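Chains A and B are the protein sequences, given in the same order. So the number in my numbering is just where the residue sits in the first sequence, counting from 1, plus 16. So the number in my numbering is just where the residue sits in the second sequence, counting from 1, plus 16.
One should not assume that every hint holds.
Intra- or inter-copy, both count: the list cannot distinguish identical chains.
Unchecked claim - Derived DSSO-like pairs: lysine-lysine, alpha-carbon spacing no greater than 27 angstroms straight-line: (1) K84 <-> K55; (2) K60 <-> K84; (3) K84 <-> K22; (4) K22 <-> K55; (5) K22 <-> K60; (6) K60 <-> K30.
Treat the hints as calculated values from the structure; they're not laboratory data. Model, not experiment: these values are computed from the prediction.
Number of protein chains: 2
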Amino acid sequence: MPHPFKARIEIMLKPGVLDPQGEAVRHALATLGFAGIDKVRQGKLVEIDMEAGNAEEAAARAREMCEKLLANTVIEDYRIEIAER
Amino acid sequence: MPHPFKARIEIMLKPGVLDPQGEAVRHALATLGFAGIDKVRQGKLVEIDMEAGNAEEAAARAREMCEKLLANTVIEDYRIEIAER
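Produce the complete structure using the sequences and hints provided.
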């Protein structure tokens, strides 16, 4: 019987890949007067509510979703956490 | 003396707020043949490397950044984690 799981997927640009979005945020924060900011990186967070037989199956499917659709693995890293709902 | 901290900020649409981006991902996953997906929500992840006197000060500044720039608090919730670098 399938159980309800929540996959939490973080997708960030790999270290060294230029992040214009993060740089724009850093610039905007400086303009607003925030000092002491060294670096800003911006990524995506995807939460997927799914049904799966067990946590291992849920993790395997989330990995496949990242490889096929969610992440551009040439320039992005992803990290998956699985929890029961 | 200021210490280096990393603020990890998660920004998600509040529950009940329509998430067209998440819905587009759900639809694309279904088209790719992934079954058993109930819901997809997509948010932002912002990592800020900053200098601050202590963790409390770093958290307070990250909160102010969320309120002033990073989050639209009418429709988005944010969550902050502070770590030493």
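We went through each hint and held it up to the structure:
no. : hint        : in the structure
1   : K84 <-> K55 : between (30 angstroms within a copy, 18 angstroms between copies)
2   : K60 <-> K84 : both (16 angstroms within a copy, 20 angstroms between copies)
3   : K84 <-> K22 : within (19 angstroms within a copy, 31 angstroms between copies)
4   : K22 <-> K55 : between (31 angstroms within a copy, 9 angstroms between copies)
5   : K22 <-> K60 : both (16 angstroms within a copy, 17 angstroms between copies)
6   : K60 <-> K30 : both (13 angstroms within a copy, 16 angstroms between copies)
In terms of the numbered hints stated before, the structure departs from none.
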